[in-house]
Structures are given as structure tokens and as C-alpha cells.
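All chains should be modelled from the sequences, with the hints used to inform the complete structure.
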Amino acid sequence: CEETTEELINAGYCSIDHTIGWDRELLLPEVREKFGEVAVAFIFAHEYGHAVQRKAGIVGGKRDAALVREQQADCFGGAFLRHVAEDKAAHFTMNTSDGLNKVLASAVAIRDEDPNDPESHHGSAFERVTATQIGFTDGAGACAKMDADEIESRRADLPQQFAEGNDSGELPVTEATLDEFVKTFQAIFDLPEPPKVVFTGADTGCSDAVATEPVSYCPSTNTIGISVDDLAERGTPGRVGRRELIQTNITGDYNAYVLLASRYTLAMQKENGQSLDTPQTALRAACLSGVITAALSPTNAAASGAQVTLSPGDLDEAVSGLLTDGLAASDVNGETVPSGFARVDAFRTGVLGGREVCDSRYTE
1 CEETTEELIN AGYCSIDHTI GWDRELLLPE VREKFGEVAV AFIFAHEYGH
51 AVQRKAGIVG GKRDAALVRE QQADCFGGAF LRHVAEDKAA HFTMNTSDGL
101 NKVLASAVAI RDEDPNDPES HHGSAFERVT ATQIGFTDGA GACAKMDADE
151 IESRRADLPQ QFAEGNDSGE LPVTEATLDE FVKTFQAIFD LPEPPKVVFT
201 GADTGCSDAV ATEPVSYCPS TNTIGISVDD LAERGTPGRV GRRELIQTNI
251 TGDYNAYVLL ASRYTLAMQK ENGQSLDTPQ TALRAACLSG VITAALSPTN
301 AAASGAQVTL SPGDLDEAVS GLLTDGLAAS DVNGETVPSG FARVDAFRTG
351 VLGGREVCDS RYTE
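By our numbering, the letter at position 29 of the sequence shown is numbered 29, and the numbering carries on one by one without gaps.
Mixed in with the good hints, there may be bad ones.
List of simulated lysine-lysine pairs, DSS-like, C-alpha gap at most 30 Å [said to hold, decoys possible]: (1) Lys-34 <-> Lys-102; (2) Lys-34 <-> Lys-88; (3) Lys-88 <-> Lys-55.
Derived from the structure by calculation, the hints contain no laboratory data.
Listed below in C-alpha cells is the structure:
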């Protein structure tokens, strides 16, 4: 494609000769090992999506259309995953729980890590998973309709770049910062009887719920218990291993704070008279955590009364956590729904749709 492939660890579509090339030495073997064979097929489906774009003339060649091209390609990849999940693929099978979770996790792992890099075109993990879910749910026809305006509407007021300087976007998890987040949650939801928060451990001796480390909610006492050190460990940024290309799980401060947010939403559900131990409880927790997340964006913070705000990588950390252990989408006893797709979809619904959509979509 008129450029050297030496040390190029990637896969790509070349419009000059209508071919797809890939690195079979490093990238694809690691993807296969960490995320499974269907994740490799998803990479090729993404690249094939670029071929479809080219032949159909869906997206022009302007540089400002780069993100649109990549989002459409992820969407086409999602349409292919639906084909596989429905047992229509000749060479692959995939269930919609663990199998689909792993493929979505691969999209999270291979994301734009530095939003300030002008060469970043693929989108954040949140954007990549969103586009893939649109293709899976709505089919290839929805992919062709994606344009810059549609993507911008999905970005809403969410932060896209770090501030100048050495801002890492990480806020250490301490008793003081957790208290600031709790105050912010109360400012957002304005509960008449906000939950009491204790920092002496997740196990508060609750009589009507199982303690869920490192944060739990007890309905009978309306108390959130936090094991601060364990939660701080969950919020510690991860690193790629010396011999690895891809970080399997994206961890950081918001992986901890969104879990706290989800336990706070259980207090809100209790106040609304909703069940606290069903799959709908878990999905409401994820959705309402998305509502909180949107309220923490720098643009919305003043209106919501938020004392803390999001940084660009926070949504990626939340999505990664939802796909791995899913605790931010669990009921009062820590039970999650098996589908990471459903967990992330609920969170995304809250971020983009708001509280009213959560209430109408995840009813009893």
C-alpha cells in the first residue's frame, strides 16, 4: 500500500489494490490468546468494513472523516458478530455471554489510548463498543448512516482531551475523595434520605443483603460500607506487561468510583420502592451509574452540583470493568447479569439517555 510494513504491528485495508494485510507474528496471536478466535475474526470484519465503505462510496477520503470511517467499520464488525451469534457463520460460533464479552473486551483493549494524539482515529473504548453494539443490534444498514453529526451527538458533553501539562486524569482513591464523590451523588439525585457511608469495611453486618467487597449497600440500615484500601487497589491504573502489546483490562480511578456510584443507586432504588435483588436491579444500577457519569462531565458539572469531574479515560475504565467482573452492574447481593453486552448497553443508555430512559427501560 505504498508504505513499508516493517515493524508494523497492525491489520489494515489497502484501497489501492483492495487487499487486507495483517501482522501474523505478534498482534493476532496475542489477540487470539487473550480474547479468542472470534476476536481475530472481528478484526478482519472491521477491515472488511473498510472495503465495504470503499466499494459503496459511503465515506469520502477527507482526513476529518477518519473517525467516521473507523466507527462505521466497528459497526460493520458488530453486524458480523450478530451473524455469528445467530449461528449463521460457516466457521465460527459464539455465545452472547462470555464469548461476546471477550470480543467486546478486545475492542476496549485496542482503542485510542491518548486522546490528545492527533493520529488517534479509532475512538475511545466507549465509542468503539458503542459502534459495535449499534451494528450488532441494528444491523449493517445502521452503520452506513453514521456520520460526524451522529458521532458528535453520542459524544455529547463528555471530555475528549486531557488538560495541558502532566494531567494523568487519575484521582487517588482515599476516604476524602470518596466522600467528595458521595456528596456529588447526593447533589445529582437529591435523595430525601441519603445513605449513610462508613469507611470501616464493606461488611456492615447487614441482615438483609450479602456484603459485596470492596463496596456494599445494606437496605435495612440504608448504609454503604467501603473497604477503602481494597477499593483503592481496584482504582489503581494498570500497565501493559513487558512482553505484551495489549492491556487486557483497562483499570484506573473511575473503575473504583463507578462501583461506588452503582451502590449509591441501590439506595435510590430502595427509596423508589423497587426490588433490589433481581437482574433488573443490576441493569438499573448500571444505567443510573451512567446517568451519574454524564453528570460528572466538565460541561454538566456546574448544573448538577458535581464537586468532581470526569477525565477522558474514565468511561473506558468503566466499560472495561463492566465487561470483566461487572460489579457496577450487580444487585444488592453482588449478582450480575451474564451478558457483558447488556451491562455495557445499560451503562451507555444512562450516559446518553438520562434518568427517565433508565426508569422506562428497566422497569420491574
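Evaluated hints:
{"no.": "1", "hint": "Lys-34 <-> Lys-102", "verdict": "8 Å, holds"}
{"no.": "2", "hint": "Lys-34 <-> Lys-88", "verdict": "24 Å, holds"}
{"no.": "3", "hint": "Lys-88 <-> Lys-55", "verdict": "24 Å, holds"}
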